[in-house]
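Undergrad: Given only the sequences and the hints, what does the whole structure look like? Please build it.
There are 2 protein chains.
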Amino acid sequence: MKKVYNIAIVGLGQIGLYLYNEIRLKRRDIEIKTGKKIKIVAISAKNKNKKRKYKVNKKIFNKNPFDVLDKNPDILIECIGNSDGVSKKIVKKALNKKIHVITPNKALISKHGDKLAEIAEKNKVNLEFEASVGGGIPILRTIKEGLATNKLFKVYGILNGTCNYILSEMEKTKDSFKNVLKKAQNLGYAEPGNPKLDLNGYDALAKVKILSALSFNKKISNKVTLMEGIEYIEGKDFDIAEQLNLRIKLLGITELVNNRLFERVHPCLVKKNTYIANVSGVMNAVILNGLPVGESVLQGEGAGPGPTSSALMSDLLSILRGNIKFPFGVTSKKRKKIQVYDVNNYVNSLYLRFEVKDKPGVLSQITKQLARYRISVQRLIQIPDNTKKKASIIIITHNVKEQYSKKCIASFKSNKNIIKKPTVIRLF
Amino acid sequence: MKKVYNIAIVGLGQIGLYLYNEIRLKRRDIEIKTGKKIKIVAISAKNKNKKRKYKVNKKIFNKNPFDVLDKNPDILIECIGNSDGVSKKIVKKALNKKIHVITPNKALISKHGDKLAEIAEKNKVNLEFEASVGGGIPILRTIKEGLATNKLFKVYGILNGTCNYILSEMEKTKDSFKNVLKKAQNLGYAEPGNPKLDLNGYDALAKVKILSALSFNKKISNKVTLMEGIEYIEGKDFDIAEQLNLRIKLLGITELVNNRLFERVHPCLVKKNTYIANVSGVMNAVILNGLPVGESVLQGEGAGPGPTSSALMSDLLSILRGNIKFPFGVTSKKRKKIQVYDVNNYVNSLYLRFEVKDKPGVLSQITKQLARYRISVQRLIQIPDNTKKKASIIIITHNVKEQYSKKCIASFKSNKNIIKKPTVIRLF
Chain U
14 MKKVYNIAIV GLGQIGLYLY NEIRLKRRDI EIKTGKKIKI VAISAKNKNK KRKYKVNKKI
74 FNKNPFDVLD KNPDILIECI GNSDGVSKKI VKKALNKKIH VITPNKALIS KHGDKLAEIA
134 EKNKVNLEFE ASVGGGIPIL RTIKEGLATN KLFKVYGILN GTCNYILSEM EKTKDSFKNV
194 LKKAQNLGYA EPGNPKLDLN GYDALAKVKI LSALSFNKKI SNKVTLMEGI EYIEGKDFDI
254 AEQLNLRIKL LGITELVNNR LFERVHPCLV KKNTYIANVS GVMNAVILNG LPVGESVLQG
314 EGAGPGPTSS ALMSDLLSIL RGNIKFPFGV TSKKRKKIQV YDVNNYVNSL YLRFEVKDKP
374 GVLSQITKQL ARYRISVQRL IQIPDNTKKK ASIIIITHNV KEQYSKKCIA SFKSNKNIIK
434 KPTVIRLF
Chain E
14 MKKVYNIAIV GLGQIGLYLY NEIRLKRRDI EIKTGKKIKI VAISAKNKNK KRKYKVNKKI
74 FNKNPFDVLD KNPDILIECI GNSDGVSKKI VKKALNKKIH VITPNKALIS KHGDKLAEIA
134 EKNKVNLEFE ASVGGGIPIL RTIKEGLATN KLFKVYGILN GTCNYILSEM EKTKDSFKNV
194 LKKAQNLGYA EPGNPKLDLN GYDALAKVKI LSALSFNKKI SNKVTLMEGI EYIEGKDFDI
254 AEQLNLRIKL LGITELVNNR LFERVHPCLV KKNTYIANVS GVMNAVILNG LPVGESVLQG
314 EGAGPGPTSS ALMSDLLSIL RGNIKFPFGV TSKKRKKIQV YDVNNYVNSL YLRFEVKDKP
374 GVLSQITKQL ARYRISVQRL IQIPDNTKKK ASIIIITHNV KEQYSKKCIA SFKSNKNIIK
434 KPTVIRLF
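Just so you know, the protein sequences line up as chains U and E, in that order. For my numbering, count along the first sequence from 1 and bump the result up by 13. For my numbering, count along the second sequence from 1 and bump the result up by 13.
Hints listed in this document are in silico derivations from the structure and should not be mistaken for laboratory results.
In silico lysine to any residue, SDA-like type, Cα no more than 25 Å apart, as pairs:
1) E/101 x E/127
2) E/285 x U/252
3) U/52 x E/305
4) E/347 x U/334
5) E/105 x E/347
6) U/346 x E/17
7) U/350 x E/44
8) U/16 x E/335
9) U/347 x E/37
10) E/284 x U/283
TA: Structural data, given as structure tokens:
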């Protein structure tokens with residue numbers, strides 16, 4: 014058996030740098046726990062001389078990331094973080110050179126995971142990506158190992174710490190989306206440049222896709238069934254939710270409906286006394302339903318270098334312990350494509366908020382339109398804004414098929430009395 | 014590499030039988046996930062012809078459990094469940110014969126785990142016991158693998174489903190301990206014969222000991238620092254808790270205090286709006302605090318054949334995947350003994366309920382005695398029971414050292430006006 018395992022790290026941003034430091038600090042602990050010695054033999058980042066929080070060994074620094082592959086590494090840790098480009102190329106190259114790969118890169122895995130897993134399997138090396146979902150929560154390992162023979166049928170949770178922080182904070186402080194986003198950015202919870210991929214649900218959906226593939230032993234779906242972000246949630250939505258004893262959460266959900274895959278990310282109104290409603294701030298939580306295990310819940314810090322590094326280290330130990338495994342729990346040959354559920358059949362109760370001109374007849378126009386699409390009203394709240402001659406009309410519908418609600422909502426576009434596109438939040 | 018793995022199961026009670034059936038049902042799935050074939054080659058139980066829920070293959074039945082070791086098994090699954098006797102003997106024998114062992118037996122592991130781990134390591138086979146703590150929650154695997162390089166400093170939770178069910182049910186139904194216990198027994202949540210080991214905290218403490226050993230990489234402690242059960246909790250305690258917006262939970266807690274091990278199991282008063290207060294019924298939950306991961310929470314069904322079997326199967330897959338590991342995460346040679354915290358130094362706020370004769374001066378006797386031991390009162394509630402000329406006096410103390418509270422409580426013994434030993438519940 015090999016005596017020393019050589020490690021290369023590409024990308025020394027927040028995550029890569031923290032991990033670099035962790036590995037050096039915990040070398041002795043890792044040796045005790047695995048019986049293997051390790052050595053960081055190469056690192057790479059854009060800027061060699063940038064001032065960093067932890068000092069890096071410049072002797073092993075490479076300007077060109079691909080050069081690290083020539084330094085005889087056994088394990089490559091990819092922390093660049095793009096879905097394509099250098100990230101994809103270097104991971105592919107490494108696997109083909111029989112180098113194990115560890116990455117927290119959900120964009121890469123959710124897009125190219127199937128192909129990369131095949132290459133890893135062919136070359137009998139590991140492709141580990143525990144840190145791509147749920148930060149410090151060992152959720153992927155739990156599905157692949159801890160709950161290995163369970164039949165999972167539904168997995169859902171709070172998968173994006175940025176959105177959860179923003180929603181928790183808006184509810185608590187009554188501050189605007191814009192201000193809270195700025196606060197999140199200042200605290201390092203949201204991307205300073207372009208937080209769009211967090212806010213529009215894309216990040217959570219990438220995680221949902223990885224969870225689906227593992228939970229149901231299927232190929233990763235490349236379809237987007239339903240993805241809605243939190244950009245349109247306003248303070249008044251929190252006020253109404255409060256009145257109804259509900260709370261707003263961005264959930265990622267994947268389930269099998271009649272053997273079809275139904276993946277979705279959207280804001281939900283959840284009852285305040287439920288578990289999921291009480292996961293706040295940057296926490297992540299995943300709830301798994303399966304047989305025979307029943308319901309399992311895992312909660313932990315969803316982001317930040319500490320938790321992410323904890324997950325990356327678990328990948329490293331798994332490799333050092335000689336745990337050569339199929340990246341998605343089963344051989345790629347047995348992972349089939351899965352048909353996707355038709356979202357038009359999705360039946361749900363909806364929260365609709367209309368911003369309207371405060372004129373007689375507007376309410377009747379709305380309710381008439383709803384009736385035309387057979388959407389029946391469970392509850393109606395009208396809040397006037399007299400200073401602006403406007404009003405908010407909030408309607409909680411009974412169960413309605415997505416097919417009808419979509420058409421109905423689109424039909425309001427031509428109504429001049431409705432100031433903007435209605436806000437839709439689904440009840441959970 | 015071996016093509017077929019032979020499995021033997023001893024003990025066909027609720028757990029053993031369910032598992033036997035699961036393995037047969039999931040054989041194909043296990044093969045896909047591990048690339049290994051399996052075969053149950055021997056089973057053993059007391060009664061061959063007993064009517065069982067699932068049919069067993071009588072051709073492989075052995076009256077004498079030790080006979081299964083002669084049937085060439087690669088893996089022994091011990092489901093007898095005693096801390097000593099046949100359970101211990103057969104596990105030891107198997108390991109010495111280089112047979113992997115899987116067991117849900119917390120009594121065995123918490124008492125003899127260190128010795129058995131040494132034998133397993135010497136013989137390079139696995140000793141797996143995921144099912145011994147937390148039922149279906151893959152908590153041990155999470156500590157050993159998912160959070161492997163974190164520095165854990167506190168692990169606590171609800172570790173006994175029976176007690177949690179009884180406490181939840183007493184709170185909800187206002188029924189007596191005796192009646193709720195009977196109900197729990199009828200539902201199969203509590204041992205029909207002797208539920209004592211669940212109710213007095215012993216079962217939870219065994220789990221705490223296993224958690225400590227794994228979390229802190231130390232030998233299993235054989236000391237009992239603090240163990241209190243739920244037998245003395247009465248309906249009125251729930252009423253008072255309700256008034257104070259608190260809830261009663263039996264918690265198992267292990268932590269390092271100045272590098273000393275502080276293990277304890279006792280009922281706690283927890284704030285209603287906390288996570289742990291809302292884990293109800295037979296659910297189990299474990300909360301881990303560590304660095305750099307932060308706080309992690311795992312929740313799931315804590316008992317019953319389904320969840321237990323899920324955990325046992327994860328052990329089986331771990332072995333089949335060739336995951337030969339130290340049973341406690343690190344080699345036994347590196348696991349040192351740990352000094353135990355002196356419980357007398359434990360400082361906490363207490364809930365004390367006195368049952369007293371309704372006579373003048375009794376309250377003053379109590380408060381005087383408390384003052385003598387420097388226990389200061391934060392809150393006092395007196396509830397008269399006029400029909401019986403009795404009263405309940407409930408005192409919430411400020412922080413007090415265990416050393417003084419213990420002596421103080423003992424000192425009330427000689428007071429004839431105090432009808433029985435005061436009930437103590439610690440605030441969390």
